[in-house]
Amino acid sequence: MARMKFLCDADRCIECNACVTACKNEHEVPWGINRRRVVTINDGKPGERSVSMACMHCTDAPCAAVCPVNCFYTTADGVVLHSKDLCIGCGYCFYACPFGAPQYPKVGNFGSRGKMDKCTYCAGGPETDGSKEEYEKYGANRLAEGKLPLCAEMCSTKSLLAGDGEIIAQIYKERVMKRGYGSGAWGWKTAYRETIES
Amino acid sequence: MASFGRFIRLGVGAWALLLLVIVAPASSGAQQVNPTASSVKEQQLLQELNRIQGRVSIPDQRSGVLEQPQGREWREFRNVTLRWIGGVAIVGMLAVLVIFYLTRGMVRLESGRSGRTIVRFNMFERFVHWMSATCFIILAISGLNITFGRPLLLPLIGFEAFSEWSQWAKYAHNYLSFPFTIGVVLIFLVWLGNNIPSKLDVEWIKRGGGLIGHDHPPARRFNAGQKGIYWIVVIGGGLVAATGYVLMFPFYTTGIEGMQMAQIVHSIVAVLFVAAMLAHIYIGTIGMEGAFEAMGSGEVDVNWAREHHSLWLDEETSRTGQPRRAASAAE
Ligand code: HEM
Ligand code: SF4
Ligand code: SF4
Chain A
48 MARMKFLCDA DRCIECNACV TACKNEHEVP WGINRRRVVT INDGKPGERS
98 VSMACMHCTD APCAAVCPVN CFYTTADGVV LHSKDLCIGC GYCFYACPFG
148 APQYPKVGNF GSRGKMDKCT YCAGGPETDG SKEEYEKYGA NRLAEGKLPL
198 CAEMCSTKSL LAGDGEIIAQ IYKERVMKRG YGSGAWGWKT AYRETIES
Chain B
31 MASFGRFIRL GVGAWALLLL VIVAPASSGA QQVNPTASSV KEQQLLQELN
81 RIQGRVSIPD QRSGVLEQPQ GREWREFRNV TLRWIGGVAI VGMLAVLVIF
131 YLTRGMVRLE SGRSGRTIVR FNMFERFVHW MSATCFIILA ISGLNITFGR
181 PLLLPLIGFE AFSEWSQWAK YAHNYLSFPF TIGVVLIFLV WLGNNIPSKL
231 DVEWIKRGGG LIGHDHPPAR RFNAGQKGIY WIVVIGGGLV AATGYVLMFP
281 FYTTGIEGMQ MAQIVHSIVA VLFVAAMLAH IYIGTIGMEG AFEAMGSGEV
331 DVNWAREHHS LWLDEETSRT GQPRRAASAA E
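One line per chain: the protein sequences are A and B, in this order.
Note that our numbering gives residue 52 to position 5 of the first sequence, counting from 1, and the numbers run on in steps of one.
Note that our numbering gives residue 334 to position 304 of the second sequence, counting from 1, and the numbers run on in steps of one.
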């Protein structure tokens, strides 16, 4: 079985935000919520790098560990999903997540933060694959159709890679070998406790 | 003069051009060798600040934090450390109370009942006490559900029922925090005068407070043990309220570390608070004969007052004359 991962090649990302826009449109993500974002480090200074970040679908996911109602589950593809029917909007997964992935429709609205929303790796939720309910709550289920996440598919420089961890790691390694440099697989050590040696 | 100026400008221009021609290929050549030489490195950034932050072009500026692995330590606290602290404090306290009850039993009224009573807590004091107490019990149950519900209750009742219950428990926890906070403030104000520590308290503690042994050390309105409970309520209540409101209004006042700290302080103080209140409830009910009436009807038997709060009884009788005879308790 594949173990799905994301990899952002920061030496290629040009901060065009196509991935962000693709995600928002594909899943009709409500106003104010961003399942994916591009962060630019050292903006305008030498050594500036941009990294596109969303839920990394961690190994032994911290969000799942701290959730008081245990509403997360990991699919056979290694994708970390959750049930909005079970979520009580406590905010704990946000405190545990290393990547700021969980989002709330009503952040700070006391007593109720609404149901947590996050990147699904374009794999929907617990509802029947491709159903209307699934789309309304979680967005499109591309994985069930045999397609990869749209953000990576849309990436204009192929900086953002999605797919089986071993395959995208291989692609990245080859790139690094060819061009002779690479700033590493951002977030991998934190999310998967492994890096790509190059 | 004009031609001299032009000559100078031309000369400077030529020099600048020459410099550009020499330097530019050199620097672009260096970049081709290693363009990442000056680039930011993930591990280095993490080591420096334990987080990586940058700029985002979307309105949510908090999302500029790219990575912050310290959630891992917080996870360890919430899932392991807190459950140990809470488990040991609460189960430990229950065990101590059971053993104490089995060995010492109820602290009896040694001189029996006199049939005459004296007012100990007026209507307003009792209202404040019971409002706070009711809120506290619901806050404690709904809070402990967040801490222990997943391993203890969820397997018994299943996902749907547990989520439904937790959602209501969360609403209860959030809304009842307001009357509870008001209660703590009123408790602080109403009984502050009676709870200033004094020399009497030292003696009371030395003599075992009458709980250990059968001594009856003198006490005014509140003895050292009750003062302890008072300060636990005021300080503990203040801390859970302050941190609780931070948790309730996330990110208004602080960032992610602040939220984690708020949860740590809130939950540790809360579980210790629950343990302390178990002891308080024990003494107020089955632990001591005649004690519950003080907060129940508001009146205590004069003999109870003499045994447990001798100095207070003296003060009250000299202030209001003879303790009055309660109609119902007379015969
Ligand atoms: C006074 C005002 C209080 C406020 C504003 C407050 C607020 C909160 C909030 C917002 C949470 C996070 C979970 C959620 O969203 O429901 C929480 C958790 C919790 N509260 Fe409170 N609370 C208060 C008082 C108390 C009291 C008096 C107790 C104990 C008797 C208590 C015990 C707990 C516990 C045990 C947790 C779960 C901690 C964990 O496992 O993470 N709280 N509280
Ligand atoms: S990135 Fe955050 S939300 Fe996604 S699996 Fe990891 S901890 Fe959970
Ligand atoms: S916000 Fe929802 S998903 Fe996140 S920890 Fe709380 S209940 Fe679980």
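It is worth saying that the hints were derived from the structure and are not from the lab.
Just so we're clear, the structure is a prediction, and the values are computed from it rather than from any experiment.
Just so you know, even glycine gets a beta-carbon here, dropped at the ideal spot from N, CA and C.
Treat the hints with caution; some may be incorrect.
[Said to hold, decoys possible] Pairs of lysine to aspartate or glutamate residues, derived as EDC-like cross-links and limited to a Cα-Cα distance of at most 20 Å, are as follows:
1. Lys184(A) / Asp132(A)
2. Lys131(A) / Glu190(B)
3. Lys71(B) / Glu62(A)
4. Lys236(A) / Glu103(B)
[Unchecked claim] Label pairs and their computed distance ranges (CB to CB):
5. Leu124(B) / Ile218(A): 57 to 63 Å
6. Gln83(B) / Ala191(A): 32 to 38 Å
7. Trp78(A) / Glu194(B): 24 to 30 Å
8. Arg240(A) / Thr283(B): 29 to 35 Å
[Unchecked claim] Covered by chain B, according to a simulated footprint, are these stretches of chain A (three or more residues, beta-carbon under 8 Å):
9. 89-96
10. 107-114
11. 169-176
12. 202-216
13. 226-239
So, going through the hints one by one against the coordinates:
| no. | hint | in the structure |
| --- | --- | --- |
| 1 | Lys184(A) / Asp132(A) | holds (9 Å) |
| 2 | Lys131(A) / Glu190(B) | holds (11 Å) |
| 3 | Lys71(B) / Glu62(A) | holds (18 Å) |
| 4 | Lys236(A) / Glu103(B) | holds (16 Å) |
| 5 | Leu124(B) / Ile218(A): 57 to 63 Å | holds (58 Å) |
| 6 | Gln83(B) / Ala191(A): 32 to 38 Å | holds (36 Å) |
| 7 | Trp78(A) / Glu194(B): 24 to 30 Å | holds (29 Å) |
| 8 | Arg240(A) / Thr283(B): 29 to 35 Å | holds (33 Å) |
| 9 | 89-96 | holds (count 6) |
| 10 | 107-114 | holds (count 4) |
| 11 | 169-176 | violated (count 0) |
| 12 | 202-216 | violated (count 0) |
| 13 | 226-239 | holds (count 9) |
The structure shown violates the earlier hints numbered 11, 12.
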